[in-house]
Amino acid sequence: MNVAQNTSRVLDQNGRPIRANDARVPRNRRESQRSKYREFFIKAELEEMAAMRTQHVLEEIAIEDVPKNAKPIKTRFVYDIKTDHQGYVIRFKARLVALGNCQRPRTDFGDTFSPVARMASFRLMVGLAGALNLTLYGGDIHTAYLNAKLGIRQYVQSIEGFPCEVDGHIYVVGKALDWLRQSRREWNTELNRWLLERGYQRSLTEPCLYYRVEGEEIMLVLVYVDDILVATKDEEQKKKMLFEDLDKEYGLKDQGLLAWYLGVEVEQTADHIFISQSKYAREILAKFGYAEAHSVGNPMEVNARLVPLGDGEESDTSFPYREAVGMLMYLATSTRPDLAFALGQLSRFVAKPSSKHVGALKRVLRYLAGTVNYGIKYDRQSGESDTVVLEGYCDSDWANDPETRRSTTGFMFTLAGDAVS
Numbered sequence: 001m002n003v004a005q006n007t008s009r010v011l012d013q014n015g016r017p018i019r020a021n022d023a024r025v026p027r028n029r030r031e032s033q034r035s036k037y038r039e040f041f042i043k044a045e046l047e048e049m050a051a052m053r054t055q056h057v058l059e060e061i062a063i064e065d066v067p068k069n070a071k072p073i074k075t076r077f078v079y080d081i082k083t084d085h086q087g088y089v090i091r092f093k094a095r096l097v098a099l100g101n102c103q104r105p106r107t108d109f110g111d112t113f114s115p116v117a118r119m120a121s122f123r124l125m126v127g128l129a130g131a132l133n134l135t136l137y138g139g140d141i142h143t144a145y146l147n148a149k150l151g152i153r154q155y156v157q158s159i160e161g162f163p164c165e166v167d168g169h170i171y172v173v174g175k176a177l178d179w180l181r182q183s184r185r186e187w188n189t190e191l192n193r194w195l196l197e198r199g200y201q202r203s204l205t206e207p208c209l210y211y212r213v214e215g216e217e218i219m220l221v222l223v224y225v226d227d228i229l230v231a232t233k234d235e236e237q238k239k240k241m242l243f244e245d246l247d248k249e250y251g252l253k254d255q256g257l258l259a260w261y262l263g264v265e266v267e268q269t270a271d272h273i274f275i276s277q278s279k280y281a282r283e284i285l286a287k288f289g290y291a292e293a294h295s296v297g298n299p300m301e302v303n304a305r306l307v308p309l310g311d312g313e314e315s316d317t318s319f320p321y322r323e324a325v326g327m328l329m330y331l332a333t334s335t336r337p338d339l340a341f342a343l344g345q346l347s348r349f350v351a352k353p354s355s356k357h358v359g360a361l362k363r364v365l366r367y368l369a370g371t372v373n374y375g376i377k378y379d380r381q382s383g384e385s386d387t388v389v390l391e392g393y394c395d396s397d398w399a400n401d402p403e404t405r406r407s408t409t410g411f412m413f414t415l416a417g418d419a420v421s
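Reminder that position 313 of the sequence shown reads as 313 in my numbering, one-by-one numbering, no gaps.
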């Protein structure tokens, strides 16, 4: 099976691919104009405004035509750099966003909640792909929010770098512009409607997971805002059943075989699927000065007893304890369950860590230094199987907390023998 990611890297003036570490993300439009990659950010701005015109997002009107109770808000450009799983730039991004913090509740917007796929749902989809011998593909919907209509009209002032054609005019927003409070909900409603109309069924427990069954063929679809993940038998089925229609309707970039998802690296072979975060793990180690640290065999000492500091004791501020725990937590909750218990213990003391807590956290970093390539492996089923077994395991340490005598419970669910939660 070919596991190469189907993405095109951005090349600099010398024809060489650009590494993300060399391209600093501008904080505002002034910085983008001073960037050594200025022309790429300008091109991204022009593409964004062209998409606005094509999709009829903004309509220029005289300020006298604005209702008296309306309050036009400001906009700004937000920049980003999208990379592949090896850290090379594949796209410079510029998003025109509205300052939604200036919107008024119940006047400019109503409901705002919108679901996003949980990491456990992603692991479940990978587990199903392995158990059912499916292949994972990725796609990205360009300017996704602009495909959804706003239920309540919003007005924005003239845009920096792209003024109105007539002085004194402003824009009325017809589509879900980024950073409007209701935009994410409007887009999720629109995509959900589109998928249901085409025969996909929505999971009752995970609103971002869809499936479609035709005869003996099944297709799974996982949605994370504008990222579309598909599990199916082959690429031709993926195109005919979903991607071609999505591209016609919303404009979708086909990323080919899935190799990267929210910082998680995905390796697909003929006999397994392996997910890991080695790149992110190395970034953590480099940030806290443990890239060359001597490793240890486990993340926590067997008989370690961690207790809170007393009222008169001073916390250890020599190490960025809270930041390190937070960054490591994303590893533990995504692809590194071996870190979960230790970090669950250490996270109890982020408000006031002692030198003992800091030492225990540094041990986790040393353990990580020797296990950066660890992850979760999902074996593909050999031959036909009528059943895919979901099993759960749970245990408690029974009043093991030295201070409160509370119990700590751990659990794990496996699909076809591989961990999904």
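Careful: at least some of the hints might be erroneous.
Each pair of labels, with its calculated beta carbon distance range [claimed, not checked]: (1) Gly-256 / Glu-314: 49 to 59 Å; (2) Asp-12 / Phe-162: 39 to 49 Å; (3) Phe-162 / Ile-218: 43 to 53 Å; (4) Arg-405 / Glu-314: 24 to 34 Å; (5) Gly-370 / Arg-27: 30 to 40 Å; (6) Gly-310 / Arg-106: 20 to 30 Å; (7) Arg-38 / Glu-323: 44 to 54 Å.
In the DSSO-like style, the derived pairs of lysine-lysine whose C-alpha atoms are separated by at most 27 Å in a straight line are [said to hold, decoys possible]: (8) Lys-362 / Lys-287; (9) Lys-253 / Lys-149; (10) Lys-253 / Lys-240.
Because the hints were derived from the structure by calculation, they are not lab data.
We put the beta carbon where it would ideally sit given N, CA and C, even for glycine.
Q.
Checking one constraint from the list: CA of Lys-253 to CA of Lys-149, max 27 Å. Satisfied?
A. holds, 22 Å
Q) Has the hinted range 24 to 34 Å been met by the Cβ atoms of Arg-405 and Glu-314? A) holds, 27 Å
Q.
Tell me if the beta carbons of Gly-256 and Glu-314 are separated by a distance inside 49 to 59 Å.
A. holds, 54 Å
Q. In this structure, is the beta-carbon distance linking Gly-370 and Arg-27 contained in 30 to 40 Å?
A. holds, 36 Å
Q | Supplied distance hint 39 to 49 Å, evaluated on CB atoms of Asp-12 and Phe-162 | A | violated, 26 Å
Q: With a cut-off of 27 Å on the C-alpha distance, tell me whether Lys-253 and Lys-240 pass.
A: The hint holds at about 15 Å.
Q | Outcome for the supplied range 43 to 53 Å, where the beta carbon pair is Phe-162 and Ile-218 | A | holds, 46 Å
Q: Below or equal to 27 Å on CA atoms is what counts here, so check Lys-362 against Lys-287.
A: Judged against 27 Å, a Cα distance of about 13 Å means the pair holds.
Q: Indicate whether the distance between the beta carbons of Gly-310 and Arg-106 respects the range 20 to 30 Å.
A: Check failed, 48 Å falls outside 20 to 30 Å.
Q: Could you check the hint for me, namely that Arg-38 and Glu-323 are 44 to 54 Å apart, CB to CB?
A: Given a distance of about 32 Å, which is not inside 44 to 54 Å, the answer is violated.
Hints 2, 6, 7 from the earlier list are contradicted by this structure; the remaining hints agree with it.
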